[in-house]
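Could you build all of it, start to finish, from the sequences and the hints given here?
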Amino acid sequence: DAKTTQPTSMDCAEGRAANLPCNHSTISGNEYVYWYRQIHSQGPQYIIHGLKNNETNEMASLIITEDRKSSTLILPHATLRDTAVYYCIVNPGAAGNKLTFGGGTRVLVKP
Amino acid sequence: EAGVAQSPRYKIIEKRQSVAFWCNPISGHATLYWYQQILGQGPKLLIQFQNNGVVDDSQLPKDRFSAERLKGVDSTLKIQPAKLEDSAVYLCASRPTGAGEQYFGPGTRLTVT
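In order, the protein sequence lines correspond to chains H and Z. Residues in the first sequence are numbered from 1 upward in steps of one, following this note's numbering. Residues in the second sequence are numbered from 1001 upward in steps of one, following this note's numbering.
No wet-lab data here; the hints were simulated from the structure. There could be a bad hint or two in this list.
[To be verified] Short, incomplete list of chain Z residues facing chain H, as computed with Cβ under 7 Å:
(1) G1042
(2) P1061
(3) L1091
(4) G1100
(5) F1104
(6) G1105
(7) G1107
[To be verified] Chain Z is nowhere near these chain H residues, computed Cβ spacing over 12 Å in every case:
(8) P7
(9) T65
(10) R81
(11) D82
Treat the numbers as computed from the prediction; the structure is a model and nothing was measured. Here a beta-carbon is modelled for each residue, glycine too, at the ideal position from N, C-alpha and C.
Put into structure tokens, the structure is as follows:
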């Protein structure tokens, strides 16, 4: 599986957009980009995934660069409940069979 | 729709004792996973089941860990005997056939003293 690089931590202001970067320069053509988050004392929660097109759902937007070597997860209006560790994972195939978690980005939303 | 259920939520045992964790996946989800999450790290896959068959157990310490998924629904993960380094949160996840996302339970926090 390709590896990802994420900042260790970042702060953002409540109500503002949070932009979480992820580098995956060795991603293969058939690998998807998945984002999960883990709120304290809970299990990870799926957010969104994509192959090469930008994706949006009720939780977030995913912007993938044209060369697919990096992506950005956007939380459009961060709330205090979005404070969590965010994991960017690349995974072969739509089945997402095996998730290899890195250290993630610890996001703190401040009032 | 009910989520992934796990029990117990917390367990404290002494080293060399045995312990078992239970997971009930979302109804209809054929694939089930067990992960180990050590404090400060991301989850690490221990074992993956497809229905009641093992797909991947390459990272399961088989000398002390075992898991089963009888009848392709519930699953149990056992540690015998436990070591101090087994202190972690054990997460269960399930995934429906044809979908990419996994759904995680709340986890069981194990403390080995």
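Hints versus structure:
With 7 Å as the threshold, the beta carbon of G1042/Z comes within range of chain H, its nearest partner Cβ sitting at about 3 Å, so the hint holds. Interface hint at P1061/Z: violated, since its Cβ lies 18 Å from the closest Cβ of chain H, which is beyond the 7 Å cut-off. With a least beta-carbon distance of about 5 Å to chain H, the hint placing L1091/Z at the interface is held under the 7 Å criterion. Interface restraint check: G1100/Z against chain H, minimum CB-CB distance 4 Å, threshold 7 Å, status holds.
The restraint placing F1104/Z at the interface with chain H holds, with a minimum CB-CB distance near 3 Å, inside the 7 Å limit. Interface hint status for G1105/Z: upheld, as the beta-carbon distance to the closest one in chain H is roughly 5 Å, under 7 Å. At its closest, the beta carbon of G1107/Z sits 5 Å from a beta carbon of chain H; the interface hint therefore holds under the 7 Å criterion. Distance to chain Z confirms P7/H as a non-interface residue, since its nearest Cβ pair spans about 15 Å, more than 12 Å.
At the 12 Å boundary, the C-beta of T65/H stays outside the reach of chain Z, the nearest C-beta of that chain being 20 Å off. Look at R81/H: its CB is around 16 Å from the nearest CB on chain Z, clear of 12 Å, so calling it non-interface holds up. No Cβ of chain Z approaches the Cβ of D82/H within 12 Å, the least distance being about 17 Å, so the stated non-interface status holds.
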